[in-house]
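Can you build the whole structure from these sequences, using the hints too?
Each protein sequence line maps, in turn, to chains E and U.
All residue numbers for the first sequence refer to my numbering, where the first residue is 1 and numbers rise by one.
All residue numbers for the second sequence refer to my numbering, where the first residue is 1 and numbers rise by one.
It is worth saying that the hints were derived from the structure and are not from the lab.
Hints may contain errors.
As the list claims (entries may be wrong) - Okay, derived cross-link-like pairs now, EDC-like style, lysine to aspartate or glutamate, Cα gap no bigger than 16 Å in a straight line:
hint, chain 1, residue 1, chain 2, residue 2
1, U, K110, U, D82
2, U, K98, E, E59
3, E, K66, E, D88
4, U, K52, U, D31
5, U, K98, E, E106
6, U, K110, U, D11
To be verified - Covered by chain E, according to a simulated footprint, are these stretches of chain U (three or more residues, beta-carbon under 8 Å):
hint, stretch
7, 42 to 55
8, 102 to 110
As the list claims (entries may be wrong) - Now the in silico label distances, taken between C-beta atoms and shown as ranges:
hint, chain 1, residue 1, chain 2, residue 2, range
9, E, T118, U, T83, 25 to 35 Å
10, U, N30, E, T57, 12 to 22 Å
11, U, K69, E, W10, 33 to 43 Å
12, U, T21, E, S18, 42 to 52 Å
13, U, E58, E, S18, 40 to 50 Å
Beta carbons: idealized from backbone N, C-alpha and C, even for Gly.
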Amino acid sequence: GAVVSQHPSWVICKSGTSVKIECRSLDFQATTMFWYRQFPKQSLMLMATSNEGSKATYEQGVEKDKFLINHASLTLSTLTVTSAHPEDSSFYICSARVRTDRGSYEQYFGPGTRLTVT
Amino acid sequence: LAKTTQPISMDSYEGQEVNITCSHNNIATNDYITWYQQFPSQGPRFIIQGYKTKVTNEVASLFIPADRKSSTLSLPRVSLSDTAVYYCLVGDMEYGNKLVFGAGTILRVKS
Numbered sequence: 001g002a003v004v005s006q007h008p009s010w011v012i013c014k015s016g017t018s019v020k021i022e023c024r025s026l027d028f029q030a031t032t033m034f035w036y037r038q039f040p041k042q043s044l045m046l047m048a049t050s051n052e053g054s055k056a057t058y059e060q061g062v063e064k065d066k067f068l069i070n071h072a073s074l075t076l077s078t079l080t081v082t083s084a085h086p087e088d089s090s091f092y093i094c095s096a097r098v099r100t101d102r103g104s105y106e107q108y109f110g111p112g113t114r115l116t117v118t
Numbered sequence: 001l002a003k004t005t006q007p008i009s010m011d012s013y014e015g016q017e018v019n020i021t022c023s024h025n026n027i028a029t030n031d032y033i034t035w036y037q038q039f040p041s042q043g044p045r046f047i048i049q050g051y052k053t054k055v056t057n058e059v060a061s062l063f064i065p066a067d068r069k070s071s072t073l074s075l076p077r078v079s080l081s082d083t084a085v086y087y088c089l090v091g092d093m094e095y096g097n098k099l100v101f102g103a104g105t106i107l108r109v110k111s
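What follows is the structure in structure tokens.
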């Protein structure tokens, strides 16, 4: 199956600093990637849709100036959490969409990045 | 986006077959049904996807009735390592559509 990687797998940063998380599709090209956030014992919450070569589309309530998304190539999307605060501490997961031979789309997820802001 | 409803939790024993049913009354014509498995502190893992009738792969089967308003994920002979959260999602994904996760079903497999 399609493989999606994330880097780093975990990061600790101080309040007020910025953190960049990378999401890569390893064996396929992805024109569309997604970023999710998951708090403990909760489901995944979609933050934004990242399209290669264009601006990301953010979900309602997600601050686009705080969560900067860049999808500069067909295999890489990055999420930068700017001026991080403790309430941004969460599990961030990316996914990439791939078209199947049947004509449908399947979405594959990365392993996630644990962000802790102190 | 079609809303999905799943049981909050299910318990089973090793070696049993587990069936998790998902209700999606407002499924659209172009929507596919996809199931994911998630372990703690890991990203969701794709299990199976289907549009109608029955789909089977090496880990699970997906049963979809003719009206497509529900679907059932079948896990044969579960083991302790199948303890996880299982999500049922419905969506097109082709025309900018996106997958929105519900609460999922916590499956606990006991020995």
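How the hints compare with the structure:
Taking the CA atoms of K110/U and D82/U, the gap is about 10 Å. The hint holds against a cut of 16 Å. The hinted pair formed by K98/U and E59/E meets the criterion: a straight-line CA distance of about 11 Å does not exceed 16 Å. Restraint check for K66/E and D88/E: satisfied, since their Cα atoms lie roughly 10 Å apart, inside the 16 Å limit. Proposed proximity of K52/U and D31/U is supported: the alpha carbons are some 10 Å apart, at most 16 Å.
About 11 Å separates the Cα atoms of K98/U and E106/E, which keeps this hinted pair within 16 Å; it holds. The hinted pair formed by K110/U and D11/U meets the criterion: a straight-line CA distance of about 7 Å does not exceed 16 Å. Counting residues of the stretch 42 to 55 of chain U whose CB falls under 8 Å from any CB of chain E gives 7; the rule of at least 3 is met. Counting residues of the stretch 102 to 110 of chain U whose C-beta lies closer than 8 Å to any C-beta of chain E gives 3; at least three are required, and the coverage claim holds.
Taken as a hint, the range 25 to 35 Å holds for the pair T118/E and T83/U, whose Cβ atoms sit roughly 32 Å apart. The hint said 12 to 22 Å for the Cβ distance between N30/U and T57/E, and at roughly 20 Å that hint holds. A hinted range of 33 to 43 Å for the beta carbons of K69/U and W10/E is consistent with their spacing of about 41 Å. For the hinted restraint 42 to 52 Å between T21/U and S18/E, the CB-CB distance of approximately 44 Å keeps it satisfied.
Between E58/U and S18/E the beta carbons are some 42 Å apart, a value that agrees with the proposed interval 40 to 50 Å.
Consistency note: the structure conflicts with none of the earlier hints.
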